[in-house]
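Chains as they are written, first to last, in our numbering: chain P, 1 to 77; chain L, 1 to 224; chain A, 1 to 433.
Because the hints were derived from the structure by calculation, they are not lab data.
Treat the hints with care, as some may be off.
To list a few chain L residues with every Cβ distance to chain P over 12 angstroms, as calculated [unchecked claim]:
{"no.": "1", "residue": "5"}
{"no.": "2", "residue": "18"}
{"no.": "3", "residue": "48"}
{"no.": "4", "residue": "85"}
{"no.": "5", "residue": "86"}
{"no.": "6", "residue": "90"}
{"no.": "7", "residue": "133"}
{"no.": "8", "residue": "137"}
{"no.": "9", "residue": "144"}
{"no.": "10", "residue": "152"}
Per label pair, the in silico range of CB-to-CB distance [to be verified]:
{"no.": "11", "chain 1": "P", "residue 1": "62", "chain 2": "A", "residue 2": "21", "range": "38 to 48 angstroms"}
{"no.": "12", "chain 1": "P", "residue 1": "1", "chain 2": "L", "residue 2": "144", "range": "56 to 66 angstroms"}
{"no.": "13", "chain 1": "P", "residue 1": "44", "chain 2": "A", "residue 2": "67", "range": "36 to 46 angstroms"}
{"no.": "14", "chain 1": "L", "residue 1": "111", "chain 2": "A", "residue 2": "191", "range": "28 to 38 angstroms"}
{"no.": "15", "chain 1": "A", "residue 1": "71", "chain 2": "L", "residue 2": "121", "range": "56 to 66 angstroms"}
{"no.": "16", "chain 1": "L", "residue 1": "118", "chain 2": "P", "residue 2": "27", "range": "27 to 37 angstroms"}
{"no.": "17", "chain 1": "A", "residue 1": "33", "chain 2": "L", "residue 2": "119", "range": "21 to 31 angstroms"}
None of the values given here were measured: they were computed from a predicted structure.
A virtual CB, placed ideally from N, CA and C, is assigned to each residue, including glycine.
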Amino acid sequence: MALRLRVDPVACDGYGHCAELAGEGISLDEWGYPIIAEGPIKDRHLALVDLAIRQCPRKALFSEEVTRVNAPGVARR
Amino acid sequence: MIAASSPWLWYSSRASGIVSLVLLTAVMVLGIMTATRVGGRQLPRFAVAEIHRRIGLLTMVFLGIHIGTTVIDTYVPVGFLSIVVPFASPYKQVWVGLGTVAFDLLVAVVVSSLLKARISHGAWRAIHWLSSLAWPIALTHVVFIGTDLRFSWMDLLVAGCIALVLIAAAWRQWAHPRSSGALTAVPTNSLGRRAATRSGPAPSAPPRAPTGRPVASSRRAKRR
Amino acid sequence: MSDVAPTTSTQRLLAGASHGSTIDLDQHIATHGDLTLPDRGEAPAWRSTMLDELDRSGLTGRGGGGFPTGRKLRALDSSRRRRIMVINTMEGEPAAQKDSVLAGFAPHLILDGAEVLATVIDAASIVVAVARDNPSAGASLEAAVTARRSAGRGSFDISIVTPPGRYVAGEESALAHWIDGGASLPTFRAAKPAVLRAKGRTVVIDNAETTAHCALIARRGATWFREFGTADAPGTALVTMSGAVESPGVFEVALGTPLREVLALAGANPKPTGILLGGYGGAFVGPSALDAPYSPDGLRPFGASPGAGVIIVLDERSCGIAEAARITRWMANESAGQCGPCVFGLPALASDLASLASSSTKGRINSALARHLTTIEGRGACAHPDGVVRMVRSALDVFSLDVAAHTRGNRCAGAHAPSLLALPPNDGDIEWR
Chain P
1 MALRLRVDPV ACDGYGHCAE LAGEGISLDE WGYPIIAEGP IKDRHLALVD LAIRQCPRKA
61 LFSEEVTRVN APGVARR
Chain L
1 MIAASSPWLW YSSRASGIVS LVLLTAVMVL GIMTATRVGG RQLPRFAVAE IHRRIGLLTM
61 VFLGIHIGTT VIDTYVPVGF LSIVVPFASP YKQVWVGLGT VAFDLLVAVV VSSLLKARIS
121 HGAWRAIHWL SSLAWPIALT HVVFIGTDLR FSWMDLLVAG CIALVLIAAA WRQWAHPRSS
181 GALTAVPTNS LGRRAATRSG PAPSAPPRAP TGRPVASSRR AKRR
Chain A
1 MSDVAPTTST QRLLAGASHG STIDLDQHIA THGDLTLPDR GEAPAWRSTM LDELDRSGLT
61 GRGGGGFPTG RKLRALDSSR RRRIMVINTM EGEPAAQKDS VLAGFAPHLI LDGAEVLATV
121 IDAASIVVAV ARDNPSAGAS LEAAVTARRS AGRGSFDISI VTPPGRYVAG EESALAHWID
181 GGASLPTFRA AKPAVLRAKG RTVVIDNAET TAHCALIARR GATWFREFGT ADAPGTALVT
241 MSGAVESPGV FEVALGTPLR EVLALAGANP KPTGILLGGY GGAFVGPSAL DAPYSPDGLR
301 PFGASPGAGV IIVLDERSCG IAEAARITRW MANESAGQCG PCVFGLPALA SDLASLASSS
361 TKGRINSALA RHLTTIEGRG ACAHPDGVVR MVRSALDVFS LDVAAHTRGN RCAGAHAPSL
421 LALPPNDGDI EWR
């Protein structure tokens, strides 16, 4: 089961803890908001991603199953 | 009913009370720092938040010792009821009562934070904000309960605690001005230093819009 | 801007509207014929037939989404939850007037369509949402509801509600949220399409024009509907034309008509430099698109779509970059303010474009502009920032010669020409509830 990281942009308040914890998968834009890398979460990142999800001060980060092979990696309209 | 009388109970109560105050002050400062989103390579922001939480729990340990020893000790008649019910103590009713209020608030914030995943975010935030009153209330309890204030180092300690929180609050207000939300979202660049906080765009030459007025920059704040 | 085109055979929704006053109930029945909806007992069979007709008609949403109406109605959840049929007359696009015109001239078409759709989905009630700052449209619909009630027509409870007239307030999750008692703010939905809820009921939202088409399809059938339009884009659509045109206003055209012919209806400048299609979150096309069919498939190769039927024509008197800059500034002010990339990104984009339009950057702006466009896209809870990015990208493409000139620092005559855009003041205090 492939998992993909997503962020609820309404809940997100730019704390940036996720980018610090999840390293490669998340970077911050110039205003401090997370940019999530495309593609499923790699196995070796799962533990850190889990921590990032739990530590998010606004509970904005979450993971979901990738339902399509070529699913976009970031929140789409 | 456990009761005993020993000067060591009294000393422990006072000592653990003082430690609790210092720890609570640290919790307040770290809470302000978490909200201000300070952090860099040496001390990431998530670490500031984590230390804030852990010192909070440590504070409860010392508060437990403080309250436990006070209640057991027969030197001062503070009953078990006063642990949670404010103003129920025959000894220094008001000032012990304030201590109880502070403790109640802290229990609320700790419990709500442990259950954070299960309660609504709005409820958690409301409790968190309310619980920050625990610090000034605890401070009042310390100052007016009168114990140990005859020592000048105690004056210094209390003054120091007040100063630390006031400085942190002032710094947040003036060095990181914002009305709400993520205007304080400072991105961590590779050097770990704070990038300049944005307070709104400054267009160099706005084209003539029908109203002729520029965008109100005070609105550049993310809704929470 | 409320003139309506002279009667031609494509005038279906706008039939009879050329004499300028509201079509009352009797005139409505005289013009379109009567519509009888089934009793409770026959409803399931009727519902099935109507859904088939909607599918066969190929009617797609006319509010900008373009989703097949029949398919959308079929996809409703089968829960026992009751349903509310919501007719979206919010029309947050300042350059769009079609829904307002329809509500003003032919409210009974909208209300008929609402009853048809409500019967199809077995709704418990109908809610028509009109922007608070559009009192004439609201009044017209209210009067029509009252007239129907007096005449003893209709078995649905219809209420007119007036959310604040913000740009994003017509977005379906924002509308559902407002109806549910919240603010007109779009909500984040992890999976789309998601079911919208308000007051414990499932909410189904359709655009006012789409609804009006349903009223006619219910009477005349799918084959009639397909008499105009193309195989992939059947039927007629309302467009609102403005800008460098002699007679701005709302027109009804057959989908698939070449863009040049559509523009000619409004007396547009035959040599436009660019045309904004869809809305402020739509896309500019250049003169190369003039022979393209006005339909989703026809415009797709040019990166555009009919959207909400907005057509704004620009010619050599204007500067496309300056107009795009004004739109971006306006759209930045319309942000719901919930998502960082939109709240901070759109003003940054507006700033970039303003600098470009003022020819003061001497080449420095382009990398910031490109970076902002990539950063903002796809990271909001709704499509608002995406629309702005699309519009800006298309402007940079269509007006590429102007971009080059501005970057070189050349002064542009058109940059200080009066704007051809409808940009109501929106930088004051905002109400969202």
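Next item on the list: Would you list, in rising numerical order, the hints stated earlier that this structure does not obey?
Entry: 3, 11, 15, 17
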